[in-house]
Amino acid sequence: MREPMIKPDVMRISWGPQHPMSGQTRILLDVDGERVHRIIADLGFTHRGIEKILENRTFFSGIIPVDRMAMVDTANMSIGYVTAIEKAAGIEVPERAKWIRTLVCEMSRINSHLYAFGLQAESTGYFPAVFLWTTVDREILLDLFEELTGARWSFNFFFPGGVHQDLPDGFREKVLKAVKYLRGRFKDYWGAMVENPLFENRCNGVAILEPKDALRLGATGPVLRGSGIDIDMRRDEPYDAYGDVEWEVITEDACDVMARTKVRFHEIGQALNIMEQIAQKIPDGPVKGRVNAFMRVPEGECISRVEAGRGELGFHLFTNGTGNPYRVKINSPTLRNMYVFERLAELNEVFIADIPVIINSIDPWYLDADR
Amino acid sequence: MNWLRKMLKPLMIVAPYVLRNSQTVAYPTERLMFFDRFRGRHVFHLDRCISCGICARVCPDASIELVEIEGKDKKYPQIDYNTCCFCGYCVEHCPKQALEFTDIVEFATADRSELVYSPERLMEVPDIKEILPMMKRRTEAYLTDKEMKYRKVKDV
Amino acid sequence: MSKISAADFVKAFQKAHPKAVKSIESTDPRRANLVVNNESFLDAAKSLRDNFGFLMPVSGGAIDYPDDNRIQMIYYLMHPSSRFMLTYRVDLNRDDPNMPSLTPVWEAMSFHEREAHEMFGIEFEDHPNMIPLLLPPEWKGGHPLLKDFKGEGKQ
Amino acid sequence: MNSNTLFAGTLTSLVQANQFSLLNIPSMIIEFLALNSKPLLQVLLLPGLGFILGFAIFAVWFERKFLARAMLRVGPYYCGGRSGVLQVFADFLKLFMKEIIIPASIDWPFFVAMPVFLSTIPSLALLLIPFDSNWVLWDVGSLSLPMFFAIMGISPLIPIFSGWASNNKYSFIGAWRVAYMYISGEISLVICAAGVAIMAGSMDLVKIVEAQRSMWFAVPQFIGFILFFLGIFIESERTPFDIPVAEVELVFGWRTEYSGILFGFTMMAEYVLFQAWTLMFVTLYLGGFNGPVIMGMPTASHIFWLLAKFMVLVVFIILLRCVFPRLRMDQMITLGWKYMTPLALLNLFFVIVMKMLGGV
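Residue numbers (my numbering), protein chains in the order written: chain L, 5 to 375; chain Z, -2 to 153; chain P, 98 to 252; chain E, 16 to 375.
Calculated directly from the structure, the hints in this document are not laboratory data.
Keep in mind that the hints are not guaranteed to be accurate.
[Stated by the list, open to error] Residues of chain Z placed beyond 12 angstroms of chain E at every Cβ, according to the derived structure:
| hint | residue |
| --- | --- |
| 1 | LYS72 |
| 2 | THR80 |
| 3 | PRO92 |
[Unchecked claim] Calculated pairs, DSSO-like style, for lysine-lysine (alpha carbon to alpha carbon, straight line, at most 30 angstroms):
| hint | chain 1 | residue 1 | chain 2 | residue 2 |
| --- | --- | --- | --- | --- |
| 4 | L | LYS184 | Z | LYS151 |
| 5 | L | LYS216 | L | LYS11 |
| 6 | P | LYS119 | L | LYS91 |
| 7 | Z | LYS143 | E | LYS80 |
| 8 | L | LYS191 | Z | LYS143 |
| 9 | Z | LYS6 | L | LYS181 |
| 10 | E | LYS80 | Z | LYS146 |
| 11 | Z | LYS146 | L | LYS184 |
| 12 | L | LYS56 | P | LYS247 |
| 13 | P | LYS112 | L | LYS216 |
| 14 | P | LYS100 | L | LYS91 |
| 15 | E | LYS80 | L | LYS191 |
| 16 | E | LYS80 | Z | LYS6 |
| 17 | Z | LYS6 | E | LYS353 |
| 18 | L | LYS191 | Z | LYS3 |
| 19 | Z | LYS93 | L | LYS292 |
| 20 | L | LYS184 | Z | LYS149 |
| 21 | Z | LYS146 | L | LYS181 |
| 22 | Z | LYS6 | L | LYS184 |
| 23 | E | LYS184 | L | LYS11 |
| 24 | L | LYS184 | Z | LYS143 |
| 25 | Z | LYS6 | L | LYS191 |
| 26 | L | LYS56 | P | LYS244 |
| 27 | E | LYS53 | E | LYS222 |
| 28 | E | LYS353 | E | LYS370 |
| 29 | L | LYS56 | P | LYS119 |
| 30 | Z | LYS149 | E | LYS80 |
| 31 | E | LYS353 | Z | LYS3 |
| 32 | L | LYS216 | P | LYS100 |
| 33 | L | LYS178 | L | LYS292 |
| 34 | E | LYS80 | Z | LYS3 |
| 35 | L | LYS216 | P | LYS143 |
| 36 | L | LYS191 | Z | LYS146 |
Because the structure is a prediction, the values reported are computed rather than measured.
The beta-carbon is built from N, C-alpha and C at its ideal position, and this holds for glycine as well.
Next up, chain L with everything else stripped away, as it sits in the complex:
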C-alpha cells in the first residue's frame, strides 16, 4: 500500500504485521502523544485469491479453500458456499442433515466466540488466565468436532446435498454433557472478566458506534448487534434448521466495546441452547442424498447469506452450466468491519492503549477479509 499523506506534528506508527496483537495485517496509526488521530488499515497480507481459485475448481473441491477462510469458524464459512451451490443447483437436503449442519455451525460459532473472548481478555492486558481458560474450553468442542467429522479445525464436513457422516453413537449425550459443562464455566467468565472492575474501566464507553453510524459504515455481526440493531441472517434468511429451533437475536444498547463483548457472551449462551435442542430432538433419516462429485450446475446466479461468527457472510455464485463456477463473489464480514475500525478514530477519542481492545472487539479474521 502506498502510504497516504501524514499531517505535520503527528507520529506515524506502523502496527504490525509483526506485532503481538496485530494479526496478519498492518495498521498505520497517526498518533499525537497517546491520542490516535487516524487509523489506516493495510490489508492484503494473506491475500490468496480464493475467488479466483474457486473459478478453477469443481464445486466439491472448492469447499476446501472456502473452509480455510476462517479456520476458527470453519463450519459457518463452508455452509455459505454449500448453501449457494444447493440453491443454484436446486438440491434438496435431508432434514437430519440440516439439523446436523446447524449443530456443527453453532459449535463452530461457540469456538469462534470463545477465541474472540479470550483475545479480548488478552488485549486488555488481562494477560494469561482467561485466554487459556477459553483455550481449554475450546478443546471440548474440538474433541466433539474430531469425533463427528474426523478433523479438529478445517473439517470439510458439508457438501451440497447433506453432510458426509451421521452422528456417531453416544454423540448426543456428549453434546448434552458439553453444554452442561460450558454453562457452568461461563459463570466464571462472567465474574472474572466481564464484571471485573478494571475490565469495565477499559471497555465501557470505548469506541462508541452509534446505530446510525453502524448502518452507514456497513458494520455487521456482533459489532452491529452491539449497536442495538437486530439484524441476524439466521433469523432474517433462515437456512438449515434455524427456523425450527428456538433462540433469540442478542442485541446490546451500549454501542461500545463492552456491548460487543457481551453480545458474544450471550450469543454463546444462545448457541448452547440451540445445541441442546438439537441433541434432544434431532429427527431420524438419511444424512446425504446422491450427489455427483463432479456435478454440473445450470446457468444462473444466486446469493446466499449466512451468519458467521464475525457477521454476515455472503456468496454470490454465478454459474454457466459447467462443472466450475463462473465467478464467486464473497462478501466477507471482516472486510466490512475493518472499514468501521478505520473510521472509529474519527467518531471517538481513541488512545493507543485502546487500539488492541477495539481491534479485538470487532474480532477480525484477516484471512477472511483478504480472501
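Based on the hints, put chains Z, P and E in the right spot on chain L.
Coordinates of chains Z, P and E only, in the frame set by chain L:
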C-alpha cells in the same frame, strides 16, 4: 464496600484455579487416543485397489497420482503429503475402501521429497512405538461436570 | 424507516425512475435486482439512499463477461428495516471501464471499490482514496479477476 | 565497628607497616575471613548478591509455575524434573549465548550501558533494608529512608534514557509512559513514607521497624498501607500497572530493541525493583523484621520473619497478575493525581494530628 467486594470477586474466582488440575497432556510421553474417524496418514490396501483413479480425480489439491509399481501391471495411487489437505474425499469416494485413514500424524521429515509416499510406503503402517520411542501410555479425555480429565487407556 | 416489500420496491422504483432502469425484478421476497444506465447511475444511487431507505451498504464487486465485452459492477445493498437485499448493477464497457464512485453516497463502499479497481481495472471517478487494497503496491501483473488473467508476469 | 568502613582487618595496616610478603597471604586471608565473616555474609549472601540473584531466579520460576496453575497448565516441566527449576537457568544461559543485536543509527553507548545500571541501582537501594537491628549492610543511620527514595528516584531515568537511545517509536512512547507513571505514582509514595517517618519519629529504617514493635503501622495508617501497596505495582511495572511495557500495545515498550543478555538484565531489573519495593513495604508497614524469637536466635528469627512476610506478599502480588487487566495511561494518571496524592496527603494529615494529640 460494594466497590471493594467487586474488586475482590475476580480474585476469589481466579485464586482457586491454582489448586486445580492442569488440563494438558504431556505429549511425547502420553498420547491421546484419537477418534475412529480421525483423518491421519492414509493406509493403502493393494489387494482391494482396482486402479479406477477416482481418488486422483476427486483430489482437490492434485496430490494423488497413479504410478506403476514393480511386479504389477496396473497403476496405484501415490500421495504427495506436501499438498494433501486431509479433506477425506479420496477415502470417501473409493469404491472398494482401498484407501483408509490411520491415526498417525507424526510423519514430519527434514526433506520434502520424503513426503511423497509411494504405494508401497502407503501400505506400511509403522508402530507408534517406533515413531515415538519415548511414549509410555495413551490417554483419553473425558468430561466431568467441573473439568476435563484425562485417564490412561493403555500402556505402550 | 418504513417497511417496504421487495415487490413493492420494484414497482415504486420503476415509477420513480422510468428512464434510468434497464431491468428490475424481484424473484424472491428477500432479493431484488436492479440494472441501471450508466448515465443515471449516481442519481439513482442517491435516490435509493434518500428516498427508498437503502441505508446499509453490504459489499461491492464486479464480474467479467469477455464474450459480451462488458464488466458488470454490482453493489449489494440492504434495506435495514425490511431486510431484503438489492443488487444494484451497472454494465461497463470492458475496454474502458469507468464509472462514478459511489463512495460519496455510501461511505463504506470505499474498500469494495478499491478492491474492484485493482482486481478488474475499473476506474472510479471521485473516489477519495484510490490506492490498492489487497494487492502489493509494486504489483505489475494486471487485473487478477479478469477472465484473461494468466498470472503475474505472463502475457 | 566503625560504620564507615565495611571490612575490618589488618591488610591495610600490614601494607603500611611494610610487612607484606607472599608468605603472609594465607594467614592474611584466614584472618580476613575470620574478622569479616559478617560483612562478607552480608555482601555475598543476604541483602547482597545471593539474595538478589536468588530471588530473581526464584521469582521467575515461581511466577511461571504458579501462573501456569491459574491458567490450567503445568508450566516448565522437563528441565529439572517435574518442577522445572532448571528451566530458568537454561533460559538465562540461552540469553547469554544469544547475539546482542545493536541496531544501526542508535546511541549505542547509552543503549548498552542502561540495562546494566537498571539492575544495579535498585539493588543499591535494597542494601539499605534492615534485616535485623545489627544486620544492615549499608548503615547510613537516620538518612536511610531518604537515601532509599533518592536512589529509587534515579531508577526511572534509566528506562527514559534507554527508550530515547533505542531510536524506536515504540521504545519512545514506552519511555515517556515511564516518565508519566513514575511522576504520578512516586509522589504519593514519598508522602506516605513521610507519614511513617513522622509516626516513628525517625528516618532511620531500624528505628522505624523498632517503633512498630507494639503495632504495625498498617493499622493506624491504613490509607498509606493501601497506597504503598499500589505503589509497589506502579514502581516495579507489574500488572495492572505494566503500562510502559504493555505487550499488546507497544510491542515491549522501552525494552523493544533489547536482545540477548541485555534483555535478560532488563528482566532481572524488574524483579530487583519489585524486591526492593516489597521489602520497603514490609519494613514501613508490616513491622519489618519484627516477630517472635524462635529457638533463642534473635538475628536468625528476625531475618526469617522479614523473609516470610516478603514471600507472602510476593505470592499475592504474583497472583494479582492474572486477576486484573492493565489500566490505560490516562486512567493511571487520573488514579495517581486525583486519588492517590490527595489520599496520601490526607493520610499525612491524620498522622500529624495523631502525633500532636499524642496518640502514638
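Status of each hint after checking the structure:
1. LYS72: holds (47 angstroms)
2. THR80: Fine: 34 angstroms to the nearest Cβ keeps THR80(Z) off the interface.
3. PRO92: holds (46 angstroms)
4. LYS184(L) x LYS151(Z): holds (29 angstroms)
5. LYS216(L) x LYS11(L): holds (29 angstroms)
6. LYS119(P) x LYS91(L): Holds, at roughly 26 angstroms.
7. LYS143(Z) x LYS80(E): holds (23 angstroms)
8. LYS191(L) x LYS143(Z): holds (12 angstroms)
9. LYS6(Z) x LYS181(L): Holds: LYS6(Z) and LYS181(L) sit about 28 angstroms apart, inside 30 angstroms.
10. LYS80(E) x LYS146(Z): holds (20 angstroms)
11. LYS146(Z) x LYS184(L): holds (16 angstroms)
12. LYS56(L) x LYS247(P): holds (11 angstroms)
13. LYS112(P) x LYS216(L): holds (28 angstroms)
14. LYS100(P) x LYS91(L): Roughly 27 angstroms separates the two Cα atoms, so the pair holds.
15. LYS80(E) x LYS191(L): Holds - the C-alpha atoms of LYS191(L) and LYS80(E) are around 26 angstroms apart, at most 30 angstroms.
16. LYS80(E) x LYS6(Z): Distance of about 23 angstroms is within 30 angstroms: holds.
17. LYS6(Z) x LYS353(E): holds (25 angstroms)
18. LYS191(L) x LYS3(Z): holds (15 angstroms)
19. LYS93(Z) x LYS292(L): holds (20 angstroms)
20. LYS184(L) x LYS149(Z): Holds, because 24 angstroms separates the two Cα atoms, which is no more than 30 angstroms.
21. LYS146(Z) x LYS181(L): holds (14 angstroms)
22. LYS6(Z) x LYS184(L): holds (23 angstroms)
23. LYS184(E) x LYS11(L): holds (17 angstroms)
24. LYS184(L) x LYS143(Z): holds (10 angstroms)
25. LYS6(Z) x LYS191(L): Holds. LYS6(Z) to LYS191(L) sits at ~12 angstroms (cutoff 30 angstroms).
26. LYS56(L) x LYS244(P): holds (9 angstroms)
27. LYS53(E) x LYS222(E): holds (21 angstroms)
28. LYS353(E) x LYS370(E): holds (26 angstroms)
29. LYS56(L) x LYS119(P): holds (29 angstroms)
30. LYS149(Z) x LYS80(E): holds (25 angstroms)
31. LYS353(E) x LYS3(Z): holds (21 angstroms)
32. LYS216(L) x LYS100(P): holds (17 angstroms)
33. LYS178(L) x LYS292(L): Holds - the C-alpha atoms of LYS292(L) and LYS178(L) are around 23 angstroms apart, at most 30 angstroms.
34. LYS80(E) x LYS3(Z): OK: LYS80(E) and LYS3(Z) at ~27 angstroms, within 30 angstroms.
35. LYS216(L) x LYS143(P): holds (17 angstroms)
36. LYS191(L) x LYS146(Z): holds (20 angstroms)
When each numbered hint is compared with the structure, no violation occurs for any of them.
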